[in-house]
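So the chains spell out like this:
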Amino acid sequence: NAGVTQTPKFQVLKTGQSMTLQCAQDMNHNSMYWYRQDPGMGLRLIYYSASEGTTDKGEVPNGYNVSRLNKREFSLRLESAAPSQTSVYFCASSEARSQETQYFGPGTRLLVL
Amino acid sequence: QKEVEQNSGPLSVPEGAIASLNCTYSDRGSQSFFWYRQYSGKSPELIMSIYSNGDKEDGRFTAQLNKASQYVSLLIRDSQPSDSATYLCAVNIYSGNQFYFGTGTSLTVIP
Numbered sequence: 001n002a003g004v005t006q007t008p009k010f011q012v013l014k015t016g017q018s019m020t021l022q023c024a025q026d027m028n029h030n031s032m033y034w035y036r037q038d039p040g041m042g043l044r045l046i047y048y049s050a051s052e053g054t055t056d057k058g059e060v061p062n063g064y065n066v067s068r069l070n071k072r073e074f075s076l077r078l079e080s081a082a083p084s085q086t087s088v089y090f091c092a093s094s095e096a097r098s099q100e101t102q103y104f105g106p107g108t109r110l111l112v113l
Numbered sequence: 001q002k003e004v005e006q007n008s009g010p011l012s013v014p015e016g017a018i019a020s021l022n023c024t025y026s027d028r029g030s031q032s033f034f035w036y037r038q039y040s041g042k043s044p045e046l047i048m049s050i051y052s053n054g055d056k057e058d059g060r061f062t063a064q065l066n067k068a069s070q071y072v073s074l075l076i077r078d079s080q081p082s083d084s085a086t087y088l089c090a091v092n093i094y095s096g097n098q099f100y101f102g103t104g105t106s107l108t109v110i111p
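Keeping their order, the protein sequence lines are chains S and X. Residue numbering for the first sequence follows this note's numbering, starting at 1 and increasing by one per position. Residue numbering for the second sequence follows this note's numbering, starting at 1 and increasing by one per position.
Do not take every clue at face value.
Label pairs and their computed distance ranges (CB to CB) [what the hints assert, rightly or not]: (1) L111/S <-> P10/X: 39 to 49 angstroms; (2) P10/X <-> L113/S: 44 to 54 angstroms; (3) Q22/S <-> G16/X: 37 to 47 angstroms; (4) P39/S <-> I110/X: 15 to 25 angstroms; (5) Y51/X <-> D26/S: 19 to 29 angstroms; (6) L111/S <-> N7/X: 26 to 36 angstroms; (7) Q70/X <-> T86/S: 26 to 36 angstroms; (8) S69/X <-> P8/S: 42 to 52 angstroms; (9) S80/S <-> I110/X: 44 to 54 angstroms; (10) A82/S <-> A17/X: 25 to 35 angstroms.
If you're looking for bench data, these hints aren't it; they were derived computationally from the structure. Backbone N, C-alpha and C fix where the C-beta goes; we use that ideal spot for every residue, glycine too.
Could you build all of it, start to finish, from the sequences and the hints given here?
Here it is in structure tokens:
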């Protein structure tokens, strides 16, 4: 089992460019999450998907869109990147709801110039 | 006020000592509490989860939960240099799918 995988590992964008961060899990988990981590801010939830076909906003959704393509895959799209979106992005998955452990992917480091 | 608060540290302890990490949360309805360890440049990994008041022990780690005082702590006994990392407290506040993380406490164990 690979667990949670993310691509790319590192990306540099210019302001206004778009890109999609990919996430996949092979643990048959129902719930998937996208977080960003900034120095001094901790992990902040961008969007989550409780189950295939559903998505909901988290704490900091502005400037992002998501797609739960199927049970395995959950993508995060930046339509028009801004320097404020420079961050490390983590995807996570869990079996179900509140009492379940979240398993994190290795992260994507994004730099927006 | 942030949902989950941690002392950012850094916290330094000598090898073999007990490291004590603390976390407070704002919502009395919180149900689930987690401690994650994050090495520099790596992703968070679960250390402990706790759901009811009291202590929960797993090897050298003990999680303590006090819902009346709204705090959760992590004790690391016989600290090792390999324990040097940032420790993140996470709380599931609305018994749904939203988890709130603290900013993390940086721990250094000095050989």
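Structure-based check of each hint:
Between L111/S and P10/X the Cβ separation comes to about 26 angstroms, which falls outside the hinted range of 39 to 49 angstroms. The hinted window of 44 to 54 angstroms between P10/X and L113/S is violated, with their beta carbons roughly 31 angstroms apart. Taking the beta carbon of each, Q22/S and G16/X are about 44 angstroms apart, inside 37 to 47 angstroms as hinted. Between P39/S and I110/X the beta carbon distance is about 24 angstroms. The supplied range of 15 to 25 angstroms therefore holds.
For Y51/X and D26/S, the hinted distance range of 19 to 29 angstroms is satisfied, since their beta carbons lie about 27 angstroms from each other. Our hint of 26 to 36 angstroms for L111/S and N7/X holds, since their Cβ atoms are close to 30 angstroms apart. Remark: the range hint 26 to 36 angstroms for Q70/X to T86/S is upheld by a beta-carbon distance near 33 angstroms. Between S69/X and P8/S the beta carbon distance is about 44 angstroms. The supplied range of 42 to 52 angstroms therefore holds.
As the Cβ distance of S80/S to I110/X is approximately 47 angstroms, the hint placing it in 44 to 54 angstroms holds. Our hint of 25 to 35 angstroms for A82/S and A17/X is violated, since their Cβ atoms are close to 45 angstroms apart.
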